[in-house]
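If you read the sequence shown in the numbering used here, its first letter stands for residue 2, the second for the next number, and so on.
For the record, the hints were derived by calculation from the structure and aren't laboratory data.
Don't take every hint at face value.
To be verified - In silico EDC-like pairs for lysine to aspartate or glutamate, Cα to Cα no more than 16 Å straight-line: (1) K135 - D197; (2) K143 - E127; (3) K33 - E111; (4) K114 - D104; (5) K219 - D182; (6) K152 - E179; (7) K201 - D182; (8) K143 - D104; (9) K134 - D197.
To be verified - So the derived label-pair ranges between C-beta atoms look like this: (10) P247 - K224: 25 to 31 Å; (11) T101 - L3: 20 to 26 Å; (12) Y8 - I70: 22 to 28 Å.
We put the beta carbon where it would ideally sit given N, CA and C, even for glycine.
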Amino acid sequence: MLYRILYLPARIALLFYCKSLRISNKDLLRQKGPLILAANHPNSFLDAIILASLFRQPVYSLARGDAFISPFVNRMLRSLHILPVYRISEGAETLGNNYTTFDRVETLLEQNKIVLIFSEGLCVNEWHLRPLKKGTARIAIKAWTHNIPLKILPVGLNYSSYNSFGKSVHINFGRIIEKKDLNGSTSGKALNAFNDILSKELSQHVYEIPDGSLAARKEIFEKPLPSIQKWLLALPAGIGYLLNCPVYFLAKAITNQTRPDHYDSLLVGILFLTYPFYLLIITAIVWLITGSLWSLLLPAIMPLTALALLHYRTSVK
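Can you build the whole structure from these sequences, using the hints too?
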């Protein structure tokens with residue numbers, strides 16, 4: 002239920018989060034299950050939010066099990082189609098819970114659903130494909146063993162930066178992997194064969210940028226604005242800065258106290274939750290001071306000026 006409620010707002014929020022969003026093959030966003038999205042994992046839960054808000058069919062995803070400790074959070078995450086995966090670092094006694102999750106994933110695939118799996122395992126803010134874990138392979142091969150007509154879609158997620166609002170995101174889809182690509186094998190060797198195929202696909206679509214070179218990122222992600230467009234955006238961008246900077250800097254101050262690898266996700270999450278209230282508060286204050294009905298236009302004007310600021314600024318930092 003919560004997934005359906007937040008789906009459209011999340012799609013709209015992408016317009017304000019992403020200065021540009023480039024998708025290599027938009028037709029694949031209409032793909033139907035049974036399908037696994039096998040993606041790299043550079044930007045915490047923001048990776049899942051972006052993909053889930055783009056695909057037409059609802060997307061289920063896997064996340065760290067330690068996030069499900071609180072009963073309230075557990076219910077909320079599950080209502081967002083997020084399932085827990087446990088690691089040895091969270092306690093050996095929790096690993097048995099993974100069987101329940103994997104059984105649930107297989108049931109979802111039997112029901113022709115889409116499941117997002119981050120095949121690297123851990124999230125690290127970097128421009129590099131790390132070695133793949135075997136979880137994706139195990140789930141896929143088990144599904145094929147049970148004659149589920151599963152397809153695997155490799156997804157390369159690439160960001161212009163990881164610590165600022167308003168960035169360029171490139172989503173590159175690879176070639177769909179099917180059971181026949183393993184020559185029908187479901188033996189133990191198939192795990193390595195699957196990972197070899199998936200790794201080869203992802204390596205072609207995840208950008209390799211040594212040390213996160215600023216110059217390299219600018220060359221890949223930055224598209225300079227024409228002078229006339231930059232000139233036209235200057236005034237509304239300046240107004241957008243003045244109107245929106247209080248809520249932005251408050252969100253940024255809170256985010257600065259958290260883990261660096263979750264920076265982007267938390268910043269966007271805080272703004273997503275607080276910005277509507279900020280609009281209402283500013284509108285109420287202006288209306289009480291001026292008594293003018295024109296103040297009721299602020300909830301429309303302020304986001305538009307924020308959008309102008311987003312496109313005026315550089316996305317690479």
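Hint by hint, here is what the structure shows:
Taking the CA atoms of K135 and D197, the gap is about 11 Å. The hint holds against a cut of 16 Å. Between K143 and E127 the alpha-carbon distance is near 31 Å, which puts this suggested pair outside the 16 Å criterion. At roughly 12 Å between alpha-carbon atoms, K33 and E111 fall within 16 Å of each other, so this suggested pair holds. Note on K114 and D104: the hinted pairing holds, with a Cα-Cα distance of about 14 Å set against a maximum of 16 Å.
For the hint linking K219 to D182, the alpha-carbon distance of about 37 Å lies beyond 16 Å, and the restraint is violated. Proximity of K152 to E179 is assessed by CA-CA distance (about 5 Å); at most 16 Å being required, the pair is judged to hold. With a CA separation close to 13 Å, the supplied pair K201 and D182 stays within the 16 Å bound. Among the hinted pairs, K143 with D104 is consistent with the structure: their alpha-carbon atoms are about 10 Å apart, no more than 16 Å.
Taking the CA atoms of K134 and D197, the gap is about 11 Å. The hint holds against a cut of 16 Å. Restraint check, P247 to K224: a C-beta distance of roughly 30 Å satisfies the suggested window 25 to 31 Å. Between T101 and L3 the beta carbon distance is about 21 Å. The supplied range of 20 to 26 Å therefore holds. Distance hint check for Y8 and I70: the Cβ-Cβ separation is about 26 Å, which falls inside the suggested range of 22 to 28 Å.
Going down the numbered hints, you'll see the structure goes against 2 and 5, while the others check out.
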